[in-house]
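On the provided structure of chain A, position chain B as indicated by the hints.
So you can see what is in the structure, the chains are spelled out below.
There are 2 protein chains.
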Amino acid sequence: MTTPRRQIKLGAFLMATGHHVASWRHPDAQADGGINVAHYRKVVETAEKAKFDLVFVADSPAGWPRAKDREAQQRSSQGAHFEPLTLWSALSQVTSHIGFVATASTTYEDPYLLARRFASLDHLSGGRAAWNVVTTGADVSHNFQIAGHPAHADRYARAEEFVDLVLDLWDSHEDGAFPRDKDSGIYVDLDRVHQLNHKGTHFSVRGPLNVPRPVQGHPVVVQAGASEPGRRLAARTAEMIFTANQTLEDAQAFYADVKRRLPAYGRSPDQLLIVPGIFPVLGGTEAEAQRNHEEIQNLIHPAIAWEILTRHYQGRDLSGYSLDDRAPPLPESTELNKSRLTLVSDLVSRGNLTLRQLYLAVAGARGHREVVGTPEQIADAMQQWFENGAADAFNIMPPVLPRGLDDFVAEVVPILRRRGLFREEYEGPTLRENLGLQRPENRFAARRGISAAE
Amino acid sequence: MTTPRRQIKLGAFLMATGHHVASWRHPDAQADGGINVAHYRKVVETAEKAKFDLVFVADSPAGWPRAKDREAQQRSSQGAHFEPLTLWSALSQVTSHIGFVATASTTYEDPYLLARRFASLDHLSGGRAAWNVVTTGADVSHNFQIAGHPAHADRYARAEEFVDLVLDLWDSHEDGAFPRDKDSGIYVDLDRVHQLNHKGTHFSVRGPLNVPRPVQGHPVVVQAGASEPGRRLAARTAEMIFTANQTLEDAQAFYADVKRRLPAYGRSPDQLLIVPGIFPVLGGTEAEAQRNHEEIQNLIHPAIAWEILTRHYQGRDLSGYSLDDRAPPLPESTELNKSRLTLVSDLVSRGNLTLRQLYLAVAGARGHREVVGTPEQIADAMQQWFENGAADAFNIMPPVLPRGLDDFVAEVVPILRRRGLFREEYEGPTLRENLGLQRPENRFAARRGISAAE
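Protein chains in written order, with the working numbering: chain A, 1 to 454; chain B, 1001 to 1454.
Hints listed in this document are in silico derivations from the structure and should not be mistaken for laboratory results.
Be aware that a few hints might be false.
[Said to hold, decoys possible] Simulated pairs of lysine-lysine, BS3-like, Cα-Cα distance not exceeding 25 Å:
1. A:LYS182 <-> B:LYS1068
2. B:LYS1182 <-> A:LYS42
3. A:LYS68 <-> B:LYS1199
4. A:LYS68 <-> B:LYS1259
5. B:LYS1042 <-> A:LYS182
6. A:LYS199 <-> B:LYS1068
[What the hints assert, rightly or not] So these bits of chain A aren't anywhere near chain B, every CB distance computed over 10 Å:
7. GLY266
8. ARG326
9. PRO329
10. ASP346
11. VAL362
A quick note: this is a predicted structure, and the numbers were derived from the prediction, not measured.
Idealized CB from N, CA, C, for every residue including glycine.
Looking at chain A on its own, in the form it has when it is part of the complex:
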């Protein structure tokens, strides 16, 4: 018996109109994509037909903070979109195999209600739900009954407790807890139902959850913070980590660092998949790809360009600069997304960039890896990272939707498949089966000495 060849796992990271900041203005973009269910259905069906593992949406519980400048505000497409769990629940009924990753905040959500909704989605989808755990970097506290936006460390302390609590709630009914035997009249086996009686620093929750154990045991847990507390949380609890890296060396260092942390938590390296983002700009030739890239870069209005720069300079007055001036050093990170800021700092120091080059460098992939080239070149770029300890999977970030995903599926996926790097068929109906992740044992059953196989 030969070991099956390790293959790339693929996610489609779907921003409403695409990942490029000006995507909505592109002729191929569905401008109202963020609130158009037919649009999402089309792109999710495209991803499923291509046998992608999953679709992925970002989220902030109360939207993203608006630009300060009114001119930039009215040109920003980050206003108002579907809520992820309702969107993915809707699309669960018109798909059969693809997984659904919904981002949700441990800072602004309630753990019982969140555990319940993800468990519900996992049942509705037949085992295809995943939770992308975020602590919400942007301050949206003015919309909630919370005394200000917590600091980075406080957010992660709360997240650690929150994630454990959610995992416990998902286990609060064992598999088989509901015999529902009509003859005897026994509906529930009380020996398999557990109270948590959790009393922690941030939460008191008795349980059990009011949803049976999810089909996957637990929806897949994804994490997307690359800060030190983010890596610790991921190494302890997550099964995928979504990450932004620009160079093979940085990606390898991140990959090795995170995988190295797992044994300390009794976990093996294959229990956490490393998933860099990739922003592919395709063309039939390299020159055409470059022209496609320029076409969309040229759609960025100067007000948006200055808003991007101001955000990265954390509000510093840049009025003395022109776009063709050399970019001054970036300020030290405060509460902004730290890992992302480091990437941008590196870009500035590495590239000796002008301000124009700087905003153009972050306008598309927002710190993720951009690859502008032919389908072969993009496949090469993925294969290189996959085979050199830098990635187990990729989150594909189409610049413009639906076109960017259509092109990737039509032109890059067949190359990966020819090289034996991507599946021909789904391995199974659940997200875990496709990702090669084990169904977790139930914590409470384990304490009772019952194996998962029973």
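Coordinates of chain B only, in the frame set by chain A:
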């Protein structure tokens, strides 16, 4: 031009396996219905094929309190089910006209997150969402970060502020707030986006919402509390009120009382539909209907019977009684659902019931009107209330699912239709259009002097 004849509006109130406490044991029941999406899809499709206005689910954010007695606990089917908003989002994509009423709590949910999810469902469904506002009677505070379960009056004070806030959030983007003009690069018209800057007793919320204005302007607001504060809240804010009445006289009194309250809030009587529940037990003959009723009543285990009684007697020790003893007077209402308790009290004092008769009387419809009879008799019962100032609509509560809804649709709906009492075709694609409820003006646009027609 003749005024179109006033017709009955119909909801299907779907409890997982049916409304009868022993429904799950019935041979025709889908015992795992509460967590089986194929089951819900089948019953919702049945309701839509019959041109029902809406489907309706009850909810408690953390399940219902368990029976104290272990024997009753393991025989209760109220354990673990789908979460309503994810369930209805899922079914929005396999239906086209039927409305979705999801119950959600003003005591345990957050107003911004709740407004967002209902707005999202309204967009996903093309304007078919409705929110059944409840304050949650049962104490589930042990699962949440809240200092105990608030008293009735406090729950309603919070609900008043909560509902207003949600309505404001739904209006925080005006219709047409998103021109998304690719040529000019203007995505959002900032004159049509509004902050609330709400600072109330219970909530501080800046806004705007991160979802565009719902398709219906507002999802339809439903209310289900018949206490004095519940009636006030409904008269001021709701568009349907779901109610439990046993007799024509009580129903007429309730109907008149609620309708009479509307002018004080600048509303007309047709802006709030009165929707009694009805629990129909069908048979080809009256005798067969009685046998069908007895068949399911006989499935109630004695432990469940005593649990029902204990709950109604608010924990009083009934160990000195047998089921054939005359029911002692019920204690005064405390924090239990007050209007429901009055109904049961009336049953006891009116009927001179034994304890067995008492639990049998509440085991099915839980205080709602039971009609056991032929299809003609059930249609008569509905027509009588509809034509005599007791109902604008009915929430049909099938004793057992899916069978109870199948039978109602096959046998009662055609009679209502022959009598001209129920529609042949949907009036439109949104729930509001079918219910004959106007699309509300936007509060902020109205202040700017812009009419809804613009």
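ask   = Does the structure break any of the earlier hints, and which numbers would those be?
value = Hint 4 contradicted; others consistent.
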